[in-house]
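Visitor: Chain by chain, the residues:
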Amino acid sequence: MLYARLIASRLVKAVIVLFLIIIFNFVLIQLAPGDPAAILAGEAGATDEEFLNQLRERFGLDQPMYVQLWHYVSGIATLDFGFSYRQQMPVLDLILARLPATLLLTGTAFVLSLGLGILAGSLAAARVKKPSGSLIMALALLFYATPLFWVALMAVVLFSVYLEWLPAYGMLTVGAGHTGLALALDVGKHLILPATTLALFFMAIYTRMTRASMIEASQQDYVKTARAKGLSNGVIQRRHILRNALLPIITLAGLQAGQMVGGAILTETVFAWPGIGRLMFEALQQRDYNLLLGIFFFSAALVILFNIVTDLVYRLADPRIKEAP
Amino acid sequence: MSFFARFAQNRGALIGVIILAVIIAMAALAPFLYPESPWRMVQRPFLPPLEMDGFPLGTDTMGRNVAAGLMHGAWVSLLIGFVSTSVALLIGVPLGAVAGYYGGLIDDGLMRFTEFFQTIPNFALAIVLVAIMQPSVTSIVLAIALVSWPPVARLVRAEFLSLRHREYVEAARLVGQGNATIILRQILPNTLSPIIVLASLMVATAILLESALSFLGLGDPNVMSWGYMIGAARTVIRQAWWLSFFPGVAILLTVLALNLVGEGLDDALNPKLARERS
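The listed protein sequences correspond, in order, to chains A and B. According to UniProt numbering, the residues represented by the first sequence are 1 to 325, in order. According to UniProt numbering, the residues represented by the second sequence are 1 to 278, in order.
If you are wondering where the hints come from, they were derived from the structure by calculation, not from laboratory data.
Covered by chain B, according to a simulated footprint, are these stretches of chain A (three or more residues, beta-carbon under 8 Å): (1) 13-21; (2) 140-146; (3) 153-164; (4) 255-266; (5) 276-289; (6) 295-301.
One-sided and incomplete, this derived list gives chain A residues near chain B with beta-carbon spacing under 10 Å: (7) 24; (8) 25; (9) 28; (10) 29; (11) 31; (12) 32; (13) 149; (14) 150; (15) 168; (16) 269; (17) 270; (18) 304; (19) 307.
The C-beta atom is built at its ideal place from N, Cα and C for all residues, glycine as well.
Sequences are here, hints too, so could you generate the full structure?
Guide: Rendered as structure tokens:
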């Protein structure tokens with residue numbers, strides 16, 4: 001029952017945050033220089049007076065502010081994000097069509113970065129004063145400072161242009177007509193470069209977090225007890241230190257994962273990965289602000305969903321946490 | 001040990017200071033070495049590096065001097081990094097101070113507000129803000145500041161929470177100092193070292209954010225920036241990889257240097273912590 005109540009309270013909080021984001025979007029449209037109708041239409045609509053009038057009527061732009069806000073909020077509450085006149089499709093359909101690709105990319109990158117980050121971090125923690133430990137931390141610092149989009153471009157140059165090992169663009173070989181396993185392998189091959197480059201930055205963060213958390217855990221009394229019992233160093237590292245160090249990492253990883261959606265905008269742009277990040281780039285280039293705001297809303301919703309999931313995982317993993325939020 | 005001695009003990013921090021000094025020198029010398037606008041087309045396009053005197057890094061797709069762009073870009077990166085961090089501090093420090101000092105309902109409200117901004121994906125928010133306000137140095141600075149102040153507010157709040165019942169604060173209250181005086185004169189000075197460390201790391205993040213924004217075409221169209229140079233050369237990466245390579249190295253080195261300096265400052269300002277960590 002505890003979990004039902006917990007999920008309910010988290011969902012209420014999520015709805016409030018999403019509502020605030022809708023208002024935020026509304027305020028942004030109002031604050032933007034120029035005619036709100038032109039902004040909603042993007043630059044293309046600016047020439048078509050009839051279309052602008054349609055938009056004014058639809059959003060009630062000639063009416064008082066609170067009526068306008070009501071139109072906007074009730075539209076989004078009924079999942080009506082408007083129409084993208086540039087792409088000639090409803091915004092919701094555009095986003096939903098692109099969502100699976102982004103989930104595949106960010107999901108893979110998340111698992112990859114968390115797994116490798118915890119591995120590298122625990123190795124570095126076990127070798128605190130040795131050169132190998134310092135090397136891991138130096139690499140982590142290097143990846144942390146490297147612009148994501150630049151690594152992605154350099155990976156294209158190295159692995160696609162010079163070595164010709166991996167495809168540089170898209171999600172599958174166009175016209176190959178693969179099905180079943182062949183299709184999965186084809187997508188997997190296209191996934192390697194975008195997922196790895198997206199994972200590098202987050203791997204660096206998780207490595208540093210794991211090391212710090214493990215060093216802190218290694219100073220606890222139960223580690224002394226374990227040593228006194230004569231357990232081997234490897235067992236102490238794995239069973240006693242790592243297990244206790246993992247809990248804070250899960251929470252922090254959940255918070256960081258939100259930034260992964262942002263990173264996906266850059267990687268998807270470089271690799272022409274057909275997800276919502278690439279869609280955001282297209283919306284930017286076409287000044288399709290309505291689509292842009294729709295994607296913004298969805299990416300925030302994704303982050304909130306992700307935070308709820310990690311929160312639940314955390315509570316399942318640590319039975320000590322009994323109290324509701 | 002003095003502050004400088006402790007800072008100098010961290011070899012990485014020294015390397016960081018040296019790199020940063022070189023970048024600052026690049027920014028400062030740009031108007032003298034390359035007085036012409038970095039946007040001017042001065043040679044044939046796609047000139048490879050080291051092929052012609054005066055163009056050590058070659059020219060880009062439009063025949064603009066890459067070396068000139070790199071040096072002028074240094075100024076833009078540093079400017080936006082430092083100014084946006086200052087603006088973020090101006091938002092985060094007062095919010096955190098008030099929340100931590102007064103506590104109760106004020107604290108609750110301000111922290112919900114901060115959480116809201118932390119939930120929104122940073123980069124997506126920055127993109128939307130710059131796109132709608134139209135790209136300019138001002139809108140970029142504002143957008144970066146708006147997405148990066150929450151950690152400042154949380155840090156300052158935590159510091160104020162732990163300091164507000166210290167004896168020297170109670171003493172100040174007893175001699176009749178007002179809340180504003182206590183916040184500004186008594187508590188704030190004692191929270192400066194963690195704020196300085198955080199700020200140096202924030203400058204690094206801000207530079208990364210700015211480069212990513214201008215890579216996507218959201219840079220100020222009047223100033224040359226490293227991110228723009230990489231973005232503009234993206235489509236010709238197969239023919240001319242160096243056009244994207246050098247600005248990327250410049251961003252990498254600057255961000256790395258700022259991170260190293262931040263760690264050095266942390267060691268120097270919090271000597272007890274540093275010993276525990278190593």
